[in-house]
Structures are given as C-alpha cells and as structure tokens.
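Dock chain B against the given chain A, drawing on the hints supplied.
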Amino acid sequence: MEIRDMTALEMGRLIKERKLGCAEAATAVLEAISSTDGELGAYISVQKDRAIAAALKVQARLDAGEALSPLAGVPVSIKDNICTKDVPTTCGSKMLEDFKPVYDATVVEKLAAAGAVTVGKLNMDEFAMGGSTETSYFGAAKNPWDPRRVPGGSSGGAAAAVAAGEAVYAVASDTGGSIRQPCSFCGVSGIKPTYGSVSRYGLVAYASSLDQIGPIGRDIRDCAAALQILSGPDGRDSTSVIERPFDFSDSFSGDIKDMVIGLPVNYLSDGIDSDVRQAVARAAETFKALGAQVEDFTMPMMEYAVPAYYIIACAEAGSNLSRYDGIKYGYRSGNADSLADVYLSSRSEGFGIEVKRRIMLGSFVLSAGYYDAYYHKALQARGLIRNAFNQAFDKYDVLLSPVAPTTAYKLGENITDPLKMYLGDIYTVSVNLAGFPAAALPCGFDRNKLPVGMQLIGKEFSEPKLVRAADAFQQNTDWHKRRCGK
Amino acid sequence: MTFETVIGLEVHAELSTKSKIFCGCSTRFGGAPNTHVCPVCTGMPGSLPVFNRAAADFAIRAGLALNCGISRHTKFDRKNYFYPDLPKAYQVSQLYLPICRDGWLDIETCGTTKRIGIHEIHMEEDAGKLIHDPWEDCSLIDYNRCGVPLIEIVSEADFRSADEVIAYLEKLREILLFLGVCDCKMQEGSMRADVNLSVRPSGSAELGTRTEMKNMNSFKAIHRAVIYEAARQAELIEAGGNVVQETRRWDDNKDASFAMRTKENAQDYRYFPEPDLLPLEIDEAWLARIKDTMPELAENKRRRYVGEMGITEYDAAMLTTAKPLSDLFEQTSAICKNPKETANLITGALMRLLNDTGTLPEDLSVDAAKLADLILLIQDGVINRNVGKAVLEELFRNGTDPRRYVEKRGLAMIRDDNFIEAAVDEALAANGKSVEDYRSGKEKAFGFLVGQTMKALKGKGDPQIVNRILLKKLSIIQKRGN
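These protein sequence lines are chains A and B, in that order.
Numbering-wise (the numbering used here), the first sequence opens with residue 4 and increments by one.
Numbering-wise (the numbering used here), the second sequence opens with residue 825 and increments by one.
Extracted from the complex, chain A is given alone in its bound form (with noise of 0.2 Å):
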C-alpha cells in the first residue's frame, strides 16, 4: 500500500513494528503536500525542518522503547487557529499573517507527548468564520473530489488534505459545524466532541462557549485513537469538565444490536438534496440490516437553531475579536495618526468581509437596549434546543441525520450569500448549541459523483458509544475507503 493511502493507525502499526520509520512517514506526506498542494490549497505553511527533526526525535524515543501511542511517529496536520509556539498561527487572516504564538496550545503539547509529528498548519476560512474557506485571506482550498467545488469550511483544509492524502489526520475545530460539513463535503470522517472534552487553550477562540477541538481521519478508528490523545481534563481551560480521556476499547465490536437510533424526519424533509436525502435513508437501513431499532421522530425547535446560533456565536467573536487592535502583535495600519485611527484603520484592513459581518452583528446584538430582544432570547432558545435534544435522548441511543443539507457547491456559488450559507448549517449548529457530540462519516455519493456525508449525534460524554455505532457502520461499508481520483 502506498503511504499517503494509509489509516493513521495502519502507519503507527508499520511505525512500532519497525517496518516504517518516523522520518519517511513525515517525508511522504511532505512529497504529497508539495507535489499537490500548489492546487489544492489545503495548507498555509509547512514546517518541513522543524518535521523531519521531530520525527527523528520520535524515532529515538521509540528506538529507546518508550511506549508512547499507538499513533506514534504517524504525521499530524493542524488547523491554523490552534497555537503553535513560534509557528505562525494566521487563523486565515491577513490580521495575523505574522504571528508567531509564545506557547503550543494543551492539545499541541498532548499531541507532541503522544509521539505525533506536526508536518503544517491547515487552511481554513478566516477566524473560522465560514462553511468553504473561502474567507480564507491566504485563497480558497480546493475540493480534491472537484477542485472546482469549495471543501467546506470552515476547516476545509483539514479535510480536503486528508481526502487528498496531504494528510494523514488532521486536528481541527468545530463551532457550528467547522469539522463535520468539510468532512461530509470531501468524503471523510471527523467527530465535534462534546463541550468540556478536549481543552480549548490555545485555540484562537471565534464563539467560546460553542468552540470545540476534534479530529478528522481517513475513518472513525483514525478519529477515536486521534481524539484519545486529545480528550481530557486541562486546569488551564476552566470549562474543561472531562475527568478522564475517553476510553475507547469498547467501541470496535460491531455490535450495534442493542441501540435504538432516532431518525428526525423533519430533518429529511424540506430544503434538502434529495441524492443526500436518499444516502442518508439508505444508512438508517443499513443500521437496521446491523440489528439497530431506527424509529422516526420530530425534532422540535430546529428553525430557531441558525438564528439562536448566529446571535450567540456573533456576540461572543464580537467582544473576542476585539483584542486584534493593532497595538500589541498582529496587522498595524501604516495609515494611523492617533488611537482611535490605528484600531478603525488596521481592524477596517485587517479583517475580510465576513469577519467584519460578524463584529458588526455581534456588537448590535449586545448594544444597549437590544441584549434582551437578541441575546437573552437566543439563549433561551438555546436551553430549549439542549432540551429538546435531552428528550430525544430518552429514547434513542443516537441520532442520525444529513451534515448538511447538500453536497459541495462550486466556487463562488454561494459566497456571496451570506443567509443561504447560514441555513447551510442548519443540522450542525444546533449540536453546539446543545454542546453534545456527533460523528460525521461518509454515506454515499451524489449524482455528480461527490461525497455525502451522514451525521451520528451522541449525549452528552458519550462519543464510545457514537464510536461504536459509526464504526459498526464503516465495518460494513466503503465509502470511507473510496479515494478520491481513483
């Protein structure tokens, strides 16, 4: 098997059995990156050195029989909001095109502990404001299934690299579907783990109480082994509540027969490709073929869920945004001659359009006399979806839904849009809000031959059981082996 066509825990195996070395794993996907990343766009810099340097390091600790983990040595691609010590760290944007972080976030440090090599930092839609990255300052990623479609955003460069084997997992974050759409767009699998679980600490925050760190792989045992690594408490991020990493070692025994697995209907019904439609149907069979009950049921509050999310998300990157003002680090405007000009002139030039979209929504939104009719309600609404969900999950072990409500659009086709994008969320974004966990893994293929994906949404902690269920899935399907250009 060529390398760039392996699992990363198919390479970690090849790594600990000596059949493979840390430094030609790191040097493959480096090859891969360079001899299609001129197109695809799926990075924003590569640390080839600083790679190969720690591979070698990994080898020697290995060499000297040090367990670490089973993704050892196995190269790791990371979202550009997640800081990087003296790494730039650009979150997409022309406001931090120069910064170098003081520090590696808690998820970068675990990462480094497990043995993983960090080959480059993934491209993604500015401050993570968007579903294609195409906000992106640095140019749009390409979809690798169609480079004339977006990946999906906002970490389309996770996905399309790892669809495209410029990657062999990625790490990344979802705020209202940042990890899943791109997946479901590019064929892949990631998961949004639940709120609390993996540690937000340096990761450049866009809506605190929504932002969450999650991986994406080639399929879900890649995401499970990444996301072991990546879980667990941190004394550093006070919403932290996790008291252990999660423990997977139930998760791959097939057997779903014992779950019940809700299909919201109204989630199938209006505004929806009917070729996703369709794919997602046919998985709710194949669960049924596993020996999983899968009954229908209505999800109430689903179109409060993009409005609720749009007002919460925009107030929190409003006021957390506001620290880019040009004095301290990042984008300073040459054209200033007092205070107030140099925080108006470098914000009005360092941000892009959408970025500027969500302050201003967000600072609206908050302003006197508006937080009760907007922000009050939209966090009322939110205890209401979070309930709904809880509900539901009195009955059903998991829900299964679309991603998104299509396949992935062309370039340009939507940007300039802004509501269609948003409603474009409209599975995802309800998750965050409740702060629960869901998979998202490959279903199927449309009629223009792209990737559909599928949506498995867990309570709160209990991404074992989304594991099983996904996993029991991709044992008796392929879709999350088709490979793009093949």
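Keep in mind that the hints were calculated from the coordinates and are not lab data.
All residues carry an ideal CB built from backbone N, CA and C; glycine is no exception.
Don't take every hint at face value.
Said to hold, decoys possible - Just some of the chain A residues that point at chain B, by a computed CB distance under 8 Å:
id: 1; residue: Cys-86
id: 2; residue: Ala-108
id: 3; residue: Val-207
id: 4; residue: Ala-208
id: 5; residue: Ser-211
id: 6; residue: Ser-212
id: 7; residue: Gly-238
id: 8; residue: Arg-239
id: 9; residue: Glu-319
id: 10; residue: Arg-326
id: 11; residue: Ile-330
id: 12; residue: Ser-366
id: 13; residue: Leu-369
id: 14; residue: Ser-370
Unchecked claim - Computed Cβ-Cβ distance ranges for the label pairs, DEER-style:
id: 15; chain 1: A; residue 1: Glu-298; chain 2: B; residue 2: Ala-1109; range: 37 to 47 Å
id: 16; chain 1: B; residue 1: Leu-1111; chain 2: A; residue 2: Val-244; range: 22 to 32 Å
id: 17; chain 1: B; residue 1: Met-1084; chain 2: A; residue 2: Glu-112; range: 43 to 53 Å
To be verified - Only some residues are given here: those of chain A computed to face chain B with a beta carbon under 8 Å:
id: 18; residue: Pro-104
id: 19; residue: Val-105
id: 20; residue: Tyr-106
id: 21; residue: Arg-203
id: 22; residue: Tyr-204
id: 23; residue: Gly-205
id: 24; residue: Asp-240
id: 25; residue: Thr-242
id: 26; residue: Ala-318
id: 27; residue: Ser-322
id: 28; residue: Tyr-346
id: 29; residue: Ala-371
id: 30; residue: Tyr-378
Below, chain B without anything else, positioned relative to chain A:
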C-alpha cells in the same frame, strides 16, 4: 438658596492575593515593566482565564465585614471597550450577579453615628498602566498590573458631606487593612475612590444631575474634590445653568476638576456573560471556612485590649493604627504575658524609632519572640529600662537577639553590693562639693551623685541598690559630721 449635597462612592480595592485573578503571575507592585506577565494576562490569542479562588475568599471576607449578603451563585461578565491598557479589549467583571450585595457600614462624624448602605461588592480584573514617554513622544504599556484582582465596593448615595465621605473611607480602609484583603495604598493605586455627586435645593426629594469624579489619590484630595464639586454645581444652578452628566478628572495641583467625557459620548460596554468561566457556586462549607478564619477587626481589638488586657484607650488606639503593630503587640504579649510592658515599649520606644527612621509599619520586621525576650529581660531585672531602649534599637535595626546581645556586651545590671559600694565610694570621694551640698540640705545633689555612681558603673547599676547604698553612705557621713 441652600443646597444639599448627595454623594455615592465607588471604591476600588486591589486584593492582596499572591497571584493574579485569572493566571499564576505575581501581583507584586513595582518590578521591571512587563515582567509579571504571561499569555493569559496579556490576552494572547487562544489563552483562557482560570479563576483564582483566593480572590473570592477575600471578596467574601470584605462582604461579611461590611454586613453584606453573600451570593451563593455568582458569575462573571465581560465589559467591552477599547483601550491600550486592556489587552483583551474587555474587562472581566461582574454586572448581573455580583458576589456581595446589600450591606452597610456605620460611621461616626461629630459624635453622631450614621449608617451608610453598601449596594454591592463585585470582583473584576485590573488593567495595565500607560506611561507617556515625553522624550520619544510615545506611550508605553506596562501589563504588570493587568489581571490583579480588584473588588469594587459600591455605596448607596447616602453621604451628605465631605466629612462623612472621609469618615467612611477611613473606616473602610481600616477594615480592609485588618482583614488583610488590601494594602490600601492610595499613592500606588491599590485603593481608589470615584465620587458620584449631585446637589439639590434643601428639602427637595428629587435628585439632581450627578457627575462622577476620578483621579483623587489621597483622602485630602477627595475631601477637597467633594467641596469643590458641590460648590461648582451649586453656583452653576444659582446662575441659572444646568449640571451636565459627565465624568470629571480631579487635578490636585490646580485644585479643580475638568470634564473628561459627557453622557452623550459615554461608552456602550456591551456586557454579556463571560463564556470562558463557569459560574461560581459558594456553598455553606466555603462560607463557613471564611467565617471561621475572619481576622479580627480593629474596633474589636481596641475593645479587647482595654477590657481584657488592661491597656489604656490611648495605647489601644495607637496599637491599632496599623495591623503590623497590633499583630506584633498580640504575638509579643502572648509570649511574655506582659501586655502593659509590651504596649509601653511598642507605643513608646518602637514608634519613636519608626518615626525617626521614616519606616512604615508594614515594613517593620521585629520578631515577636525576640521582643518578648527583651521585655522579659527588663521585667526580670536583668537589664534596666534605659539599657532596654538601646537593645530595642539594636533589635529594630539589625534583628539582633536581645539575650545574646546583652551577654556579649555585658549589659546585664550590676547587683553586687560590694561592687556598687566601691563605685559609690568613688563618686563620693570625687565630688566633695556635692556631698557638702547634700549635707546642707540640697536634695538635688543626691540625684547628681546617683548619676555619677551610674557613670562609674557604665549605666548598668541596679538603680534600687545604687539608691540604697548611696543613702546609707550619706547618712553615715551626716552622722559623722554632726
């Protein structure tokens, strides 16, 4: 027309925690610029706050001392505004659910007691400091103070005069100092007070338009600022004008205040709940722990010193002018079991030393065990009182162990009759004139002869024995002469 002045105070007090409110950086004042900083307190992208629960301990202490209700469920909110000393462009504060509410403090002015309401106490983080460099014509930022925990104590608008304001501030300062929650140094900015003031015609129930005054860095400045502002507003109204709701900056050199910003261009802080911090649940056990470890307040100490320890009211007041003094007093008298002698020594010789050397009580580093030992040396007659003062000075300046110092320098009192008799004889022989004076009835000569004897004994003679032997010798001389 006569006017009534209505005043409310917002007092900011920096809490004396060792580390900052949301990170582990030191809170120490001073230090080279930007040396007590980390990614969290400089607001680097991706950094997150972790609440230092010691700040809540201190806020609860202050709340209990000011008779407040303590919130069992309290939260942080973000106050958003742009300024270079605020690196996140928001201050983490408490708007909706502050930690303490509805308290009071009784103050005394001109012999009458008045109750001042405390609206709330909330916690927040301090900002950095801007330093203007006139040579380079640029502003530099020091983030050392960024993230130092503060409490803001918001009073009701219950004050009617500058004297009441100062009485309240003095009492508040004493309470915060004795609680150990704030060092209350106005000059260093660890205690700051903003004055909200309006005037209204006497007898009117309706409040006038208020102004907020900042930048007073001593109680005297606050007193002057209140009088100035009340007069300014009254004159304005009498001249037919209107008071504008605005923030004013006090300039102590010019003895006047100047408008900073008006309500029209006031900030919209866009408060919302801080998503990076979980709400704080204060349970019974937490509250009980604070109640059980509440430091004793000065008022109570004074009562106890007078009532239980037999100290004069004057000395008790002196001993409670600063917490380090009362601490030293209590620790020392607990060891030597002689509160009166301890109080004498601290309020007398020790306070004189503090004055003479310009030492602040908080910089005092006299060890209570050593001071107690010194008192025992005096009490047991090992050294006399005058030698005691010299030993105290040595202890004060160099921390020298009194007993060892006395031994090494041979300062112990001479009590040997023969030895003292020889010294007396020497003094009598050398001062025949004084002996004659004494014989002819001049009592004063006796004191002189004691002094001469002491001099011969290098000041170490036991005064009682010296007196006894000198009297005996003189009476013998007297008889012989007759």
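Here is how each hint holds up against the structure:
1. Cys-86: OK, holds: A:Cys-86 within 8 Å of chain B, min 4 Å.
2. Ala-108: Cβ of A:Ala-108 sits 6 Å from chain B, so the hint holds.
3. Val-207: holds, 4 Å
4. Ala-208: holds, 7 Å
5. Ser-211: holds, 4 Å
6. Ser-212: holds, 4 Å
7. Gly-238: Hint on A:Gly-238: holds, closest Cβ of chain B at ~7 Å, below 8 Å.
8. Arg-239: Result: holds, 6 Å to nearest chain B Cβ.
9. Glu-319: holds, 6 Å
10. Arg-326: Constraint on A:Arg-326 satisfied, holds at 5 Å.
11. Ile-330: At 5 Å from the nearest chain B Cβ, A:Ile-330 passes the 8 Å test, so the hint holds.
12. Ser-366: With Cβ-Cβ at 6 Å, under 8 Å, it holds.
13. Leu-369: With a minimum Cβ separation of about 4 Å from chain B (threshold 8 Å), the hint on A:Leu-369 holds.
14. Ser-370: holds, 5 Å
15. A:Glu-298 <-> B:Ala-1109: 37 to 47 Å: holds, 46 Å
16. B:Leu-1111 <-> A:Val-244: 22 to 32 Å: For B:Leu-1111 and A:Val-244 the Cβ distance comes to about 24 Å; the hint holds.
17. B:Met-1084 <-> A:Glu-112: 43 to 53 Å: 45 Å Cβ-Cβ, so the 43 to 53 Å window holds.
18. Pro-104: holds, 7 Å
19. Val-105: holds, 6 Å
20. Tyr-106: With a minimum Cβ separation of about 5 Å from chain B (threshold 8 Å), the hint on A:Tyr-106 holds.
21. Arg-203: With Cβ-Cβ at 6 Å, under 8 Å, it holds.
22. Tyr-204: Cβ of A:Tyr-204 sits 5 Å from chain B, so the hint holds.
23. Gly-205: holds, 4 Å
24. Asp-240: Since chain B brings a Cβ to about 5 Å from A:Asp-240, closer than 8 Å, the hint holds.
25. Thr-242: Check passed: Cβ of A:Thr-242 comes within 7 Å of chain B, closer than 8 Å.
26. Ala-318: holds, 6 Å
27. Ser-322: Hint holds; A:Ser-322 Cβ to chain B Cβ min 5 Å, cut 8 Å.
28. Tyr-346: holds, 6 Å
29. Ala-371: holds, 5 Å
30. Tyr-378: holds, 6 Å
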